[in-house]
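Build out the structure end to end from the sequences listed, making use of the hints.
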Amino acid sequence: TTVTGTRGRSAAVAIAALVIAAGIPLWWKTTETYRAWLPAARISELEALQLELRVEVEVVFARGTLSPEQQKKVPASRITYESCCKSKSLCLVEADHALHTLTETSCGSVVIYIIPEASALLPQDMRVYVGRSRTALLRSQVASVVGAGLPEVLAALDPQMEQVLQTMSFNHQDVTAALTDRLRPGLSTRDSLADSMRAFKSSPGYEITFSLLNPDPKHHQLHWDVEAALDAYIYPLLHKMAPVANFSVDSQILYYAVLGVNPRYDASASAYTLSADSLAHVINPVEARLGSNAASSNPVLNFLLYVPDSLHSPLIIRNDQKQEVASNAFHSPRWGGIMVYNVDGAYGNDTQFPVDIAIDMSRVMGVFLSQLRLMLGFQQTGAPPGFVLEAAGREGVAEWELDRLLWSRSVENVATASASITSLAQLLDQIANIVINDNIAQQVASAVTALQAAVAELEAGNLALALEHSREAISASERAFFDPSLLHLLYFPDDQKFAIYIPLFLPMCVPILLSLLKIFREVQQHRAEKRAKRD
Amino acid sequence: MLALLYIYFFCSEKPFYDDVRVPSVPSCLCISSSVALDFVLIGRTSAFLLLHQARAERFFRSDHTNNWAVLVCTSRFWFNYRHVANTLSVYRSVKRLGIPDSHIVLMLADDMACNHRNPKPATVFSHKNMELNVYGDDVEVDYRGYEVTVENFLRVLTGRLPPSTPRSKRLLSDDHSNILIYLTGHGGNGFLKFQDSEEISNVELADAFEQMWQKRRYNELLFIIDTCQGASMYERFYSPNLMALASSQVGEDSLSHQPDLAIGVHLMDRYTFYLLEFLEDIHPASQANMNDLFKVCPKSQCVSTPGHRTDLFQRDPGSVLITDFFGSVRKVEITMETINLTVPGIPLERFGGEPHTETALAYVDQLPVAQIIHQKPKQKDWHPPDGFILGLWTLILLVFFRTYGIKHLKHIF
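Going down the list, the protein sequences come from chains F and W. Each residue of the first sequence is one higher than the last, beginning at 262 in the working numbering. Each residue of the second sequence is one higher than the last, beginning at 138 in the working numbering.
Note that these hints are calculated values from the structure, not bench results. It should be emphasised that the depicted structure is a prediction, and the values quoted were computed from it without experimental measurement. It cannot be assumed that every hint is accurate.
Below, a list of computed lysine-lysine pairs in the DSSO-like style, where the Cα atoms sit at most 30 Å apart [to be verified]:
#	chain 1	residue 1	chain 2	residue 2
1	W	Lys330	W	Lys257
2	W	Lys306	F	Lys462
3	F	Lys462	F	Lys501
4	W	Lys330	F	Lys758
5	F	Lys779	F	Lys791
6	W	Lys330	W	Lys432
Residues on chain W that point at chain F, a partial pick, calculated with CB under 7 Å [claimed, not checked]:
#	residue
7	Arg233
8	Pro237
9	Gly296
10	Arg297
11	Pro299
12	Ser301
13	His313
14	Lys468
15	Glu470
16	Ile471
17	Glu474
18	Ile476
19	Thr479
Virtual Cβ for every residue (Gly too), placed ideally from N, Cα, C.
Written out as structure tokens, the structure is:
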């Protein structure tokens, strides 16, 4: 029995050793979730991010603004004599255009021309003119400043230039509006909140749909040359916005599409009216019929042109004060715009129906272009007193307006991307049983790199590069956050875990433990006997 | 000269709502007082501009610009007819109040309208005597049958869908969306059963909502659940701007309303039945608020005690309109500025270069007509004889040899 006893004992000890040494690590390794390494240190750096925005400003003093001593003391990188400023008969726009051809302005920079106080280019009470490109004309008398050095001259101009920059580039409200969802409430003003609610959030692409609604094809046969109108008026704007996002544009005609609201007849104006309260209920019945491009998940902007039927023509929109609206159009934040186009003046009572009507696309596109600008984020900037802001006109958007949008978009992208990355890291920390694949780790690493590059470019003042990096960062972070593989495995409460493991391990562990105990007791007994024998 | 502007912002780990809670004051009191203060401030600053006051207050009464709805029925089999009827009735109300199909994600775990046991096919009734058919002609089911799983539900909520998922199956909400989530089925203390084979726990649901909040996928969220012990499902929520309603408390069962003798099953659950009666009185311009919704189905009608949870919600429930969640009332602004594009004499230039040549387009043949008309008879492939024929011949041979003896074998082979 001793031989079998020792054999039995060594077998039991060997099994126990195998279970503990090989079994437990194997079980641990096979039940752990694969988590690739994430750059946690760099991500935690992103949590307390400090943004520095730098605008390059070039100041050009025109002849007559500086006194001769100042001219000697002020270091000039370039001395050019311009004859355009002297000619009095030149109008403002032409002067601005001539000045624009002088200097090469990069994206995000501003050029300010200081013109003498007595210049007749600007009207009497206006001090600043902001043109269509990135130039501004500032009228001021610098020669009267005491002290002739450069710092004193610039210090005298400082408050006015800051005002110009706040109008042309960004100010505190713009930046806080771009960060609204990341900041505590109460920091943004009501106007900026309305602007942030109206404009779409930054997205890699947008879809724009132009629809013509014809509820009465029996009487009106409408022709609209939408392709040519889009080419002439909308595509220039979209082409300029190509660094910001991709756009896809389509158009459609809907027949027998009615508004959901019955307009009321107003005898005093001899027209049908839609009051401002009923406008909110117009959109929903129409939206069900609009349809959208099902291939992408981009936000959709809808622009609807509604031609009222002959029974309800003309149809005018009234605002809260019961006054007629000049544009006869309204828009809904983050959705699009609707314009009502009356055609009752185009035909008399006894014409043969259906009447061919050609729609004046320039009038229509004027309204849609302004609505599109609002939806895309070009705010209605109120000009500060003494400023003249040149309207963008046919080009759609002035370059400094585009720069404004680029500044706020870059900041928004950086904020959103850093928030995504930090919350993803936090989520992955909290929920221990989410599998992190290698491609997610790669996306996160590239997002962090792009973010740091964007912040560096913003500090350096290269707006175009900063926007590009911020777009890269945001697309990488979105792809990482919304990766389909990041679904956590089923949640197991602790009592369920016990219920699974006990039937598996208990039948195996009980014999092992009992046999180990038995061996231990035998060894103890043996030792006790030996001691007793020795004594 | 360089102009420098320093902007410092701090991405805090915890969401900002933590600042609102003050430990020494009951949280509901604190929130309502801060909201009242906001309203007073708005009133004061716009008081001097009477023109804009009415519009501003309407604009800012709520923060949302669009509405979404996720309606889920989680149980299958014919005897769970009432759950499908519940979901479809809420779907009808939500559509009637203005939310379009493109903003509704409807998940039905089984098909009752075309079920073999339905005596009236293509209909789902919500009232006995077959008064109201909630299936109709234009129902749009996004997830049907076995596609309704816990995984798909969580994927829809968190947005982690494979890239090939179509738009109609996604929840494309943004930070200004109000979302209504309605769940119905069989549930228990802390879980909801999906498809009779899996379950979602309240912890998973709370985590999903937290992930939605981290990505700002909702502005405010209303969660309604009609199951047994439904209140346990919202116990674990911890994200801000959530309001929850349940049909019964922990330990209570939600009961069904009325059977229909012709169809043979119960048609609706009590809580949803009275919820629908309440919603029938709501129209898109109605001003009814959430406090009225909390009073729906008292214990005398429902037998169970409905519960609700508003401590995570920022606004006072009395100021939240029903149409903020169940309908889709858009904010509208008049377009004041237009751009003058009418410059006479300048022709419209073509942008983008040379015009493309028009190629004649034709439709592809829908049916291969040539093949159908000049069809040759299809050659049938030879199949080996199947079991029946083999068995029949074996039987015949057996009987023959038994009768006539095995010695006749040599005549055959």
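Structure-based check of each hint:
1. For the hint pairing W/Lys330 with W/Lys257, the CA-to-CA distance comes to about 28 Å; that is within 30 Å, so the pair holds.
2. Straight-line distance between C-alpha atoms of W/Lys306 and F/Lys462 comes to about 22 Å, which keeps the hinted pair within the 30 Å bound.
3. The suggested pairing of F/Lys462 with F/Lys501 holds, with an alpha-carbon distance near 18 Å, which does not exceed 30 Å.
4. Of the supplied pair hints, the one linking W/Lys330 and F/Lys758 holds, its CA atoms being roughly 20 Å apart against a limit of 30 Å.
5. A hinted pair counts as satisfied when its Cα atoms are at most 30 Å apart, and F/Lys779 with F/Lys791 qualifies at roughly 18 Å.
6. With a C-alpha separation of about 27 Å, the suggested pairing of W/Lys330 with W/Lys432 holds against the 30 Å cut-off.
7. This hint is violated: W/Arg233 has a C-beta 10 Å from the nearest C-beta of chain F, more than the 7 Å allowed.
8. For W/Pro237, the interface hint holds, since its Cβ comes within 7 Å of a Cβ in chain F; the closest pair sits about 5 Å apart.
9. Against a cut-off of 7 Å between C-beta atoms, the interface hint on W/Gly296 holds, since the closest Cβ of chain F lies about 5 Å away.
10. For W/Arg297, the suggested interface contact is upheld, since its CB lies about 5 Å from the closest CB of chain F, less than 7 Å.
11. For W/Pro299, the interface hint holds, since its Cβ comes within 7 Å of a Cβ in chain F; the closest pair sits about 5 Å apart.
12. Hint status for W/Ser301: violated, given a least beta-carbon distance of 10 Å to chain F, over 7 Å.
13. A cut of 7 Å between beta carbons decides the hint on W/His313: the least distance to chain F is about 6 Å, and the hint holds.
14. The interface hint given for W/Lys468 holds, since its Cβ lies 6 Å from the closest Cβ of chain F, which is under the 7 Å cut-off.
15. Below 7 Å, beta-carbon pairs count as interface contacts, and W/Glu470 has one with chain F at about 6 Å; its hint therefore holds.
16. Because the beta carbon of W/Ile471 sits about 5 Å from the nearest beta carbon in chain F, less than 7 Å, this interface hint is met.
17. For W/Glu474, the interface hint holds, the least distance from its beta-carbon to any beta-carbon of chain F being 5 Å, beneath 7 Å.
18. With a least beta-carbon distance of about 5 Å to chain F, the hint placing W/Ile476 at the interface is held under the 7 Å criterion.
19. Checking W/Thr479 against chain F: minimum C-beta separation of about 5 Å stays under 7 Å; hint holds.
The structure shown violates the earlier hints numbered 7 and 12.
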